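Start from the sequences, fold in the hints, and give me the full structure.
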Amino acid sequence: MITKGLQKSLAAAFGKSAVQKSLFMQARYSMNHIKNMLDEERKYQVQKLHEEGQIVEKTDRVYKPTYTVEFDRAGEVLVYSGNPFRTMAIYLKYPYVLYESLIPAAIWAWYVNPLELEWYYNHLNLVALNLLWIPRLWYLKSLNHRIVTMHLLRGGKFVKFETHTLSGDRNFTWAENYNFHPLTQKMDEFDDRDNADFLTEEGQLKYDLACQLDDYTEYSVNQQDVTLFFTKEGGTVHHPELFEAIVKGYNIDTSDFVINTAHNVRAREGSTNFA
Numbered sequence: 130m131i132t133k134g135l136q137k138s139l140a141a142a143f144g145k146s147a148v149q150k151s152l153f154m155q156a157r158y159s160m161n162h163i164k165n166m167l168d169e170e171r172k173y174q175v176q177k178l179h180e181e182g183q184i185v186e187k188t189d190r191v192y193k194p195t196y197t198v199e200f201d202r203a204g205e206v207l208v209y210s211g212n213p214f215r216t217m218a219i220y221l222k223y224p225y226v227l228y229e230s231l232i233p234a235a236i237w238a239w240y241v242n243p244l245e246l247e248w249y250y251n252h253l254n255l256v257a258l259n260l261l262w263i264p265r266l267w268y269l270k271s272l273n274h275r276i277v278t279m280h281l282l283r284g285g286k287f288v289k290f291e292t293h294t295l296s297g298d299r300n301f302t303w304a305e306n307y308n309f310h311p312l313t314q315k316m317d318e319f320d321d322r323d324n325a326d327f328l329t330e331e332g333q334l335k336y337d338l339a340c341q342l343d344d345y346t347e348y349s350v351n352q353q354d355v356t357l358f359f360t361k362e363g364g365t366v367h368h369p370e371l372f373e374a375i376v377k378g379y380n381i382d383t384s385d386f387v388i389n390t391a392h393n394v395r396a397r398e399g400s401t402n403f404a
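The sequence shown runs 130 to 404 under the working numbering.
A couple of the hints might just be wrong.
[Claimed, not checked] Capping the alpha-carbon separation at 20 Å, the derived lysine to aspartate or glutamate pairs in EDC-like fashion look like this:
hint : residue 1 : residue 2
1    : 335       : 318
2    : 315       : 337
3    : 193       : 323
4    : 286       : 298
5    : 289       : 370
6    : 361       : 373
7    : 193       : 382
8    : 286       : 229
9    : 361       : 337
10   : 286       : 354
11   : 335       : 321
12   : 286       : 317
13   : 270       : 247
14   : 315       : 326
15   : 289       : 199
16   : 193       : 205
17   : 286       : 343
18   : 289       : 382
19   : 193       : 343
20   : 286       : 382
21   : 286       : 189
22   : 270       : 321
Don't read these hints as lab results, they were simulated from the structure. Remember, it's a predicted structure, so these values are computed and weren't measured experimentally.
Shown next as structure tokens:
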């Protein structure tokens, strides 16, 4: 609050017009400090919803394991692990090598022009030259969606994925269980979510399993309808019961749990979320 005595002192020091202008700007700012009342009302409603402690359940599919779930010190349990790059074809993958083998032929056809085409038709060979490697690019990008490890987090609603790139980068992302939708063995349509049979009697994968997630975040970018792959060869399902329930979109009831407090994890390990 600026008193009249302070106003006179400021006017004597800086001039009457400058003080009046400053007071006008202060009053104007105080009047317009809320730019949009509708936005403020929405913020208040969201804040009120969170402060009331109401939990919004996005699914009623809940599975209770038949045994006690053992979490590590980070509150995670390893459900699946694999090494897809070591067991699958990368560079000599068919049919991409067939497309790329036509690149020299396209260069020769453009340079020699054996059919004596007009120049604008002949330059279509250059267009084909730059299109034949795009399927390979899509395939290399899909390798980022090959799961290396999948952990179930304490609470049973989220899983943590670890994926690798060809350059050796390790990426971590999280997803909610209810987003999972298993695909058939041919990966061309959705499987029956409740009756899908993708595990053997020993609890391992029968085939390379593909799952489509409704929402998936990669490199801080939200994506929809992303397909993730669990490799059979070289892959290990450590908890078949939990794995099957997660893939079928169930939240896991982790009320019956223990935490392994053994110091058997190296400090500052890149795959953990604690120091």
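Here is what the structure says about each hint:
1. 335 - 318: OK: residue 335 and residue 318 at ~17 Å, within 20 Å.
2. 315 - 337: holds (9 Å)
3. 193 - 323: holds (15 Å)
4. 286 - 298: violated (27 Å)
5. 289 - 370: Holds. Residue 289 to residue 370 sits at ~17 Å (cutoff 20 Å).
6. 361 - 373: holds (14 Å)
7. 193 - 382: Measuring from Cα to Cα gives roughly 5 Å; hence the hint holds.
8. 286 - 229: Violated, because 44 Å separates the two Cα atoms, which is more than 20 Å.
9. 361 - 337: Within the cut-off at roughly 5 Å; holds.
10. 286 - 354: holds (19 Å)
11. 335 - 321: holds (16 Å)
12. 286 - 317: At roughly 27 Å apart (the allowed maximum being 20 Å), residue 317 and residue 286 break the hint.
13. 270 - 247: Violated: residue 270 and residue 247 sit about 37 Å apart, past 20 Å.
14. 315 - 326: holds (13 Å)
15. 289 - 199: holds (16 Å)
16. 193 - 205: holds (17 Å)
17. 286 - 343: This hinted pair holds, its Cα atoms lying about 15 Å apart.
18. 289 - 382: Measuring from Cα to Cα gives roughly 17 Å; hence the hint holds.
19. 193 - 343: Cα-Cα ~23 Å, so violated.
20. 286 - 382: OK: residue 286 and residue 382 at ~9 Å, within 20 Å.
21. 286 - 189: holds (11 Å)
22. 270 - 321: violated (28 Å)
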